[in-house]
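Going down the list, the sequences are from chains A and B. If you read the first sequence in numbering that gives the first Met the number 0, its first letter stands for residue 0, the second for the next number, and so on. If you read the second sequence in numbering that gives the first Met the number 0, its first letter stands for residue 0, the second for the next number, and so on.
Note that these hints are calculated values from the structure, not bench results. Careful, some of the hints might be misleading.
[To be verified] Below, in silico cross-link-like pairs of lysine-lysine (DSSO-like), each with a Cα-Cα straight-line distance of 30 Å or less:
no.	chain 1	residue 1	chain 2	residue 2
1	A	LYS141	B	LYS75
2	A	LYS148	A	LYS6
3	B	LYS63	A	LYS200
4	B	LYS194	B	LYS212
5	A	LYS63	B	LYS148
6	B	LYS148	B	LYS194
7	A	LYS63	B	LYS90
8	A	LYS230	A	LYS3
9	A	LYS141	B	LYS185
10	A	LYS148	B	LYS185
11	A	LYS40	A	LYS3
[What the hints assert, rightly or not] If the Cβ cut is set under 7 Å, some of the chain B residues that face chain A in the computed set are:
no.	residue
12	ILE77
13	ILE82
14	TYR86
15	GLU89
16	PRO101
17	ARG103
18	ALA105
19	LYS108
Built from N, CA and C at the ideal position, the CB exists for glycine as well.
There are 2 protein chains.
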Amino acid sequence: MSEKHLKTGDSLPPYSGKLRLFAMRFCPYAERSVLVLNAKKLAYDLVFIDLDNKPEWIFSFNPKGSVPVLEYEEGKAIFDSTIINVYLDEKYPEVPLQAADPLRRAQDKLLVELFAPAQSAYYTAAFNAQALTPTSAETYHKGLEILQKEIESRGTTYLAGDQPGLIDYTIWPFLERFLALPLLGKTDFAIDQSKYEVLLKYIEAMKTVPAVKSYCLAPETHSKFTESRVKGNPDYNMLDTSDVVCCMRPRKKKE
Amino acid sequence: MSEKHLKTGDSLPPYSGKLRLFAMRFCPYAERSVLVLNAKKLAYDLVFIDLDNKPEWIFSFNPKGSVPVLEYEEGKAIFDSTIINVYLDEKYPEVPLQAADPLRRAQDKLLVELFAPAQSAYYTAAFNAQALTPTSAETYHKGLEILQKEIESRGTTYLAGDQPGLIDYTIWPFLERFLALPLLGKTDFAIDQSKYEVLLKYIEAMKTVPAVKSYCLAPETHSKFTESRVKGNPDYNMLDTSDVVCCMRPRKKKE
Numbered sequence: 000m001s002e003k004h005l006k007t008g009d010s011l012p013p014y015s016g017k018l019r020l021f022a023m024r025f026c027p028y029a030e031r032s033v034l035v036l037n038a039k040k041l042a043y044d045l046v047f048i049d050l051d052n053k054p055e056w057i058f059s060f061n062p063k064g065s066v067p068v069l070e071y072e073e074g075k076a077i078f079d080s081t082i083i084n085v086y087l088d089e090k091y092p093e094v095p096l097q098a099a100d101p102l103r104r105a106q107d108k109l110l111v112e113l114f115a116p117a118q119s120a121y122y123t124a125a126f127n128a129q130a131l132t133p134t135s136a137e138t139y140h141k142g143l144e145i146l147q148k149e150i151e152s153r154g155t156t157y158l159a160g161d162q163p164g165l166i167d168y169t170i171w172p173f174l175e176r177f178l179a180l181p182l183l184g185k186t187d188f189a190i191d192q193s194k195y196e197v198l199l200k201y202i203e204a205m206k207t208v209p210a211v212k213s214y215c216l217a218p219e220t221h222s223k224f225t226e227s228r229v230k231g232n233p234d235y236n237m238l239d240t241s242d243v244v245c246c247m248r249p250r251k252k253k254e
Numbered sequence: 000m001s002e003k004h005l006k007t008g009d010s011l012p013p014y015s016g017k018l019r020l021f022a023m024r025f026c027p028y029a030e031r032s033v034l035v036l037n038a039k040k041l042a043y044d045l046v047f048i049d050l051d052n053k054p055e056w057i058f059s060f061n062p063k064g065s066v067p068v069l070e071y072e073e074g075k076a077i078f079d080s081t082i083i084n085v086y087l088d089e090k091y092p093e094v095p096l097q098a099a100d101p102l103r104r105a106q107d108k109l110l111v112e113l114f115a116p117a118q119s120a121y122y123t124a125a126f127n128a129q130a131l132t133p134t135s136a137e138t139y140h141k142g143l144e145i146l147q148k149e150i151e152s153r154g155t156t157y158l159a160g161d162q163p164g165l166i167d168y169t170i171w172p173f174l175e176r177f178l179a180l181p182l183l184g185k186t187d188f189a190i191d192q193s194k195y196e197v198l199l200k201y202i203e204a205m206k207t208v209p210a211v212k213s214y215c216l217a218p219e220t221h222s223k224f225t226e227s228r229v230k231g232n233p234d235y236n237m238l239d240t241s242d243v244v245c246c247m248r249p250r251k252k253k254e
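If we strip away everything but chain A, and leave its shape as in the complex, we get:
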């Protein structure tokens, strides 16, 4: 798999017959669906697109042009990470990721909703720092506290239980990116050991989950991409090694 992002003018790669996910390598919403596809051990193709110079054909799959988009049959697609993930979980029930109990499913959705303001505060801190107000960091920490309290009260390694589930894969992509904020000079947004012992233990556990491990990026990498985006020239292809020719080996491809 190449980590190169297709852009305006690039052709749509031929459909292989597998599920196909259109994503952007650094998009947390797209990551949610990547993690669910990984966790469910589904075979799929992953195609990255440049969100600043979108290939024309993305609009035939999603009129909004946003990612993630799941092509579930040639030329037929659904979009929105939440919609895609519930669809995948219901359509391929072999590895169930949603909670079995209707009330717990509702509570998981509420947790995502109560955590969402922290995500918005993260976006402001990372990409729109001039709009930061003292309440941004407060909102962010309130979201983290809600999450930590929930992890504590559930008393399991993951939010879903002893194994991670949809709720974990939905929250994770943001935690992964939150860790980059101190590197971007946003020290108010650090997740300190003193205050967040339980949350940090959860973060460490999540990093070892195979579905996460194979896609997760280091804070330094997120920080570097964020800086390029803030400068107005997002380096979508910074991880792409498909064109690297090594002296000793043929063309190296990232898995």
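For this one, chain A is given, so just place chain B on it according to the hints.
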């Protein structure tokens, strides 16, 4: 049932043991859950609250203080119309309202998402007319066209089939309010017979659905409430007749 809205300082009515929905009589999101409770023939209590002077206890059920909120057990609640409605449908499966097929369920959610910009345009037209731009009416009509096209392509009386389902009860509260826009002087937002024959036929069919009929309000009523809200003094209790004493009968209560 009284249509009076409880406000700051008012006590929480005693819990009867039934499901209890906290709502606001003119809120389309709250209406979504009322319709689902009605359609599923569930026994429930309905408590209206004044959203400008919220009773303190609403925050113990929902930290956001928004409606609808469903108290599913004494002191325990979930909120957000979408979360509540899926919970009700899964917890009480006797009258199933969601589509049986995972793909159709995903497509129903996408339709709600693609229709949402029309809802935003409606809010602007109804409550914030000074923010109207020429694209507002375009966005609104684009949403209506998407909806009409979908009704046409499904070829059934309701979006869900020969009987209305969750998708119909999710969209309906907005259509009901859209019909008030011409009365508010927003003639660009009229749903004309010439352009919307299929949609208008759908609207007429929805009006006859028992779950809708018992809660639906006339465009004149919505228009009157909207005007009061725009003037900064929302007349939440305009439908309340619980204090009307008739000469010939004891205190009249609306059912």
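Hints, one by one, checked against the model:
no.: 1; hint: LYS141/A to LYS75/B; verdict: holds (21 Å)
no.: 2; hint: LYS148/A to LYS6/A; verdict: violated (42 Å)
no.: 3; hint: LYS63/B to LYS200/A; verdict: holds (29 Å)
no.: 4; hint: LYS194/B to LYS212/B; verdict: holds (25 Å)
no.: 5; hint: LYS63/A to LYS148/B; verdict: holds (18 Å)
no.: 6; hint: LYS148/B to LYS194/B; verdict: holds (12 Å)
no.: 7; hint: LYS63/A to LYS90/B; verdict: violated (33 Å)
no.: 8; hint: LYS230/A to LYS3/A; verdict: holds (20 Å)
no.: 9; hint: LYS141/A to LYS185/B; verdict: violated (41 Å)
no.: 10; hint: LYS148/A to LYS185/B; verdict: violated (48 Å)
no.: 11; hint: LYS40/A to LYS3/A; verdict: holds (23 Å)
no.: 12; hint: ILE77; verdict: holds (5 Å)
no.: 13; hint: ILE82; verdict: holds (5 Å)
no.: 14; hint: TYR86; verdict: holds (4 Å)
no.: 15; hint: GLU89; verdict: holds (4 Å)
no.: 16; hint: PRO101; verdict: holds (4 Å)
no.: 17; hint: ARG103; verdict: violated (10 Å)
no.: 18; hint: ALA105; verdict: holds (4 Å)
no.: 19; hint: LYS108; verdict: holds (5 Å)
In terms of the numbered hints stated before, the structure departs from hints 2, 7, 9, 10 and 17, listed from lowest to highest.
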